[in-house]
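**Student:** Sequence:
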Amino acid sequence: MYGDCEAISSMGGNMVVSSETLFTSTFQNPNFTYLPLEPLPPMIPKEENGSLLRGKEEMKSGSESELQETTKQPLKKKRYHRHTAHQIQELEAVFKECPHPDDKQRMKLSQELGLKPRQVKFWFQNRRTQMKAQQDRSENVILRAENESLKSEFYRLQAELSKLVCPNCGGPPVPGGVSFDELRIENARLGEELERVCAIASRYIGRPIQTMGALMPPSLELDMNIYPRQFLEPMPPTLSETPSYPDNNNLILMEEEKTIAMELAMSATDELAKMCRTNEPLWVRNNETGKEVLNLDEHSRMFHWPLNLKQRSSEFRTEASRDSSVVIMNSITLVDAFVDANKWMELFPSIVARAKCVQVISQGVSGTNGCLQLMYAELHVLSPLVPTREAYFLRYCQQQNVEDETYWAIVDFPLDGFHNSLQTSFPLYKRRPSGCLIQDMPNGYSRVTWVEHAEIEEKPIHQIFSHFVHSGMAFGANRWLAVLERQCERIASLMATNIPDIGVIPSPEARKNLMRLSQRMIRTFCVNISSCSGQVWTAVPDSSDDTVRITTRKVSEAGQPNGLILCAVSTTWLPYPHHHVFDLLRDERRRAQLEVLSNGNALHEVAHIANGSHPGNCISLLRINVASNSSQHVDLMLQESCTDKSGSLVVYSTVDVDSVQLAMSGEDPSCIPLLPLGFFITPMELMNDGGCKDEANGHNITTGSLLTVGLQVLASTIPSAKINLSSIAAINNHLCTTVQQISSALSSNCIGYCNDGDNGKEK
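So that you can map any letter, position 270 of the sequence shown is 270 in UniProt numbering, and since no number is skipped, the others follow by simple counting.
These aren't lab readings, by the way, just hints derived from the structure by calculation.
Check each hint, because a few of them may be wrong.
Have a look at the derived ranges for each label pair, beta carbon to beta carbon [what the hints assert, rightly or not]:
{"#": "1", "residue 1": "Glu263", "residue 2": "Lys104", "range": "50 to 60 Å"}
{"#": "2", "residue 1": "Lys459", "residue 2": "Met262", "range": "27 to 37 Å"}
{"#": "3", "residue 1": "Val360", "residue 2": "Lys722", "range": "42 to 52 Å"}
{"#": "4", "residue 1": "Gln439", "residue 2": "Ala133", "range": "45 to 55 Å"}
{"#": "5", "residue 1": "Met262", "residue 2": "Ala496", "range": "35 to 45 Å"}
{"#": "6", "residue 1": "Pro506", "residue 2": "Glu280", "range": "50 to 60 Å"}
{"#": "7", "residue 1": "Met262", "residue 2": "Glu139", "range": "28 to 38 Å"}
{"#": "8", "residue 1": "Ser466", "residue 2": "Ala730", "range": "28 to 38 Å"}
Within a straight-line C-alpha distance of at most 20 Å, the following computed EDC-like cross-link-like pairs (lysine to aspartate or glutamate) qualify [to be verified]:
{"#": "9", "residue 1": "Lys512", "residue 2": "Glu346"}
{"#": "10", "residue 1": "Lys274", "residue 2": "Glu405"}
{"#": "11", "residue 1": "Lys116", "residue 2": "Glu92"}
{"#": "12", "residue 1": "Lys258", "residue 2": "Asp270"}
{"#": "13", "residue 1": "Lys291", "residue 2": "Asp323"}
{"#": "14", "residue 1": "Lys96", "residue 2": "Glu146"}
{"#": "15", "residue 1": "Lys512", "residue 2": "Asp656"}
{"#": "16", "residue 1": "Lys121", "residue 2": "Glu97"}
{"#": "17", "residue 1": "Lys274", "residue 2": "Glu403"}
{"#": "18", "residue 1": "Lys108", "residue 2": "Glu92"}
Idealized CB from N, CA, C, for every residue including glycine.
Start from the sequences, fold in the hints, and give me the full structure.
**Tutor:** Next up, the structure:
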């Protein structure tokens with residue numbers, strides 16, 4: 001049976017073979033004996049030729065006489081052999097198990113049932129044909145029913161469309177079948193006519209007349225790059241709805257453009273491979289920082305493909321970085337995560353805010369090899385002070401063999417030359433050929449070499465994040481790879497079954513459900529405290545360094561508390577290493593010392609899940625020990641902390657006991673409302689022009705960190721409610737107090753560490 005399947009698969013499945021090909025084929029079936037074709041007659045001498053002709057005439061006359069005799073005899077009826085009920089029953093039983101028996105099985109059946117092997121073979125052929133016909137008939141019935149349903153739905157929609165009227169004029173919505181292109185042309189013509197009339201009228205009245213576009217009231221100025229901002233009185237922020245993806249309905253590549261896109265994909269893959277494998281002079285190491293810097297002149301000389309022929313503008317700043325690391329995930333799983341937009345977002349929650357596949361240009365030949373997609377992505381930093389970066393780009397995936405090494409190439413390259421009317425982001429972001437090379441290693445590991453290359457419009461950024469963004473730390477290869485390494489460890493922990501857990505987790509399935517709930521909490525926190533999705537943030541005038549931003553959201557869907565949510569975010573520079581800040585905030589016992597975070601209540605860990613090699617990468621379920629004289633009920637707190645060389649996160653949210661039991665029992669945890677709060681710590685290096693070290697608390701310090709605090713409160717259970725100034729003042733005061741208490745705790749801990757070190761030296 002398996003041999004027949006292999007033969008069929010090797011022939012390409014179902015094949016349509018012409019009659020000429022069938023009878024001229026050199027293949028022979030051992031079950032049949034074909035009559036060989038007669039060869040051409042040889043050359044015969046004249047004498048022999050004459051006798052041969054006479055013999056043919058005699059044979060012809062004899063055959064005619066025999067034919068006349070046979071026509072006189074009555075024709076015999078052809079006898080049909082019908083199988084018995086027992087034979088049919090046995091054949092049907094074998095057919096259910098094996099519709100395609102081989103020669104041995106047919107021979108065995110023929111001996112058992114008293115049939116010839118040819119009869120058994122023909123019965124199975126007829127039975128397969130009969131079953132195929134029955135399936136076709138049933139499928140035709142279903143398709144006819146669906147066709148009738150679609151027809152009725154089409155007629156219904158056509159009738160509804162004919163009843164539509166324009167709310168302004170009462171006529172049809174598109175009179176006369178006017179296309180939208182014609183309406184755009186007419187709109188442009190009317191705009192030019194309006195400008196001409198305004199210019200003529202301005203000459204008569206002696207002053208310029210503004211057009212309708214200029215007469216529109218200006219929108220609220222929320223540009224974060226204008227400093228300082230003075231307010232006469234505090235104003236509540238405007239309610240902001242989370243918008244959908246940018247509307248670029250015409251962004252579809254045509255057939256002729258797909259061919260060009262595939263050619264550019266090959267060039268981009270070659271460029272990425274060379275950028276990953278080539279060192280000097282393409283990449284030059286900076287002796288001061290120890291980082292690799294891209295030689296732009298050498299890059300322009302090496303890669304002469306159309307996208308690099310455009311002259312660089314002074315308004316754009318080039319960012320390029322490269323890094324390599326080993327991650328605990330095989331190449332197939334990694335490639336699948338990069339091709340799927342949703343998995344890509346889950347893999348990089350702190351970098352990718354939104355992503356979607358706009359168009360699949362090529363499916364690939366086998367799996368994801370050769371897959372080409374048109375994608376949209378919005379990249380963010382976890383702070384409203386840093387603008388997001390939006391881009392449409394093409395993503396190509398290919399498996400290659402170079403120098404006896406097999407690796408996967410994931411390359412992103414821009415849409416320059418295809419569509420120039422895209423909705424651009426602020427600032428303008430052009431993603432040059434970037435991506436990674438993935439090479440399998442033993443024990444399920446992979447070596448990943450990452451290259452980030454982009455051009456960004458030169459716009460001012462808040463001074464507290466200026467060095468973080470301009471140095472490439474915000475969107476560089478180092479951050480992408482550090483997050484990937486940590487997330488791969490988390491996924492490995494999620495799939496592992498031999499990791500012991502501490503606490504009340506009853507089963508491995510409950511452990512997975514709790515980790516998925518925590519993953520949703522992390523993603524919700526990252527999206528809510530950044531400027532992604534067009535969230536409008538307003539500066540608070542009471543902030544001395546202008547780093548506090550607030551916004552409101554109307555929430556009515558499941559997963560978050562329904563109502564009006566007030567969010568406040570603040571970023572502060574701290575003269576302490578980022579791991580010191582992380583250790584303070586992730587430890588529930590040390591964090592309980594901060595009254596503003598614990599409300600005077602002690603925290604006790606009842607469950608612990610390790611999800612990484614670093615002890616700080618873990619998920620904890622904490623019980624809030626409320627004082628005995630309090631009437632509040634006991635709640636739980638879900639907390640996840642994670643750290644890598646690019647930064648750290650500590651996120652937590654209160655949940656009730658019933659919700660935790662629901663999640664652990666295997667029910668869908670997406671309905672559990674979460675309103676996460678947390679901290680984002682970014683390592684920073686002090687930039688001193690004179691080369692001297694700054695001093696803090698009497699000690700020389702050369703490194704520091706940026707602490708971003710994000711708080712969210714449910715201001716009202718009614719989504720349409722208006723925010724009042726007292727709520728804004730309360731959350732701003734809570735935010736400032738939090739930062740002050742954290743700074744004081746770090747200062748006291750730093751003095752304690754230093755005193756312990758001095759005492760040790762004296763001893």
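**Student:** For the pair supplied as a hint, Lys274 and Glu405, confirm whether the alpha-carbon distance does not exceed 20 Å.
**Tutor:** 15 Å, holds
**Student:** 27 to 37 Å was suggested as the range; check whether the CB atoms of Lys459 and Met262 agree with it.
**Tutor:** Roughly 34 Å apart at Cβ, these two residues keep to the hinted range, so it holds.
**Student:** Given the proposed pairing of Lys291 with Asp323, does the C-alpha separation stay at or below 20 Å?
**Tutor:** The given pair, whose Cα atoms are some 9 Å apart, holds under the 20 Å limit.
**Student:** Lys116 and Glu92 were given as a pair; does the straight-line alpha-carbon distance stay at or below 20 Å?
**Tutor:** Holds, at about 17 Å.
**Student:** If I claimed the Cβ atoms of Met262 and Glu139 lie 28 to 38 Å apart, would that claim hold in this structure?
**Tutor:** Holds, since Met262 and Glu139 (Cβ atoms, about 36 Å apart) stay within the stated range.
**Student:** Could you tell me whether the CB distance from Val360 to Lys722 stays inside 42 to 52 Å?
**Tutor:** For Val360 and Lys722 the Cβ distance comes to about 45 Å; the hint holds.
**Student:** Holds or violated: are the alpha carbons of Lys512 and Asp656 at most 20 Å from each other?
**Tutor:** Holds, at roughly 19 Å.
**Student:** Holds or violated: 45 to 55 Å for the Cβ distance of Gln439 and Ala133?
**Tutor:** Because 52 Å falls inside the window, the suggested range holds.
**Student:** Within 20 Å, alpha carbon to alpha carbon, are Lys258 and Asp270?
**Tutor:** 19 Å, holds
**Student:** Falls inside 50 to 60 Å, the C-beta gap from Pro506 to Glu280?
**Tutor:** Holds - the Cβ-Cβ distance for Pro506 and Glu280, about 57 Å, lies within 50 to 60 Å.
**Student:** Determine whether the Cβ-Cβ distance between Met262 and Ala496 falls within the hinted range of 35 to 45 Å.
**Tutor:** 40 Å, holds
**Student:** Is it true that the CA of Lys96 sits at most 20 Å from the CA of Glu146?
**Tutor:** Cα-Cα ~30 Å, so violated.
In the structure shown, a violation is registered for the earlier hint numbered 14 alone.
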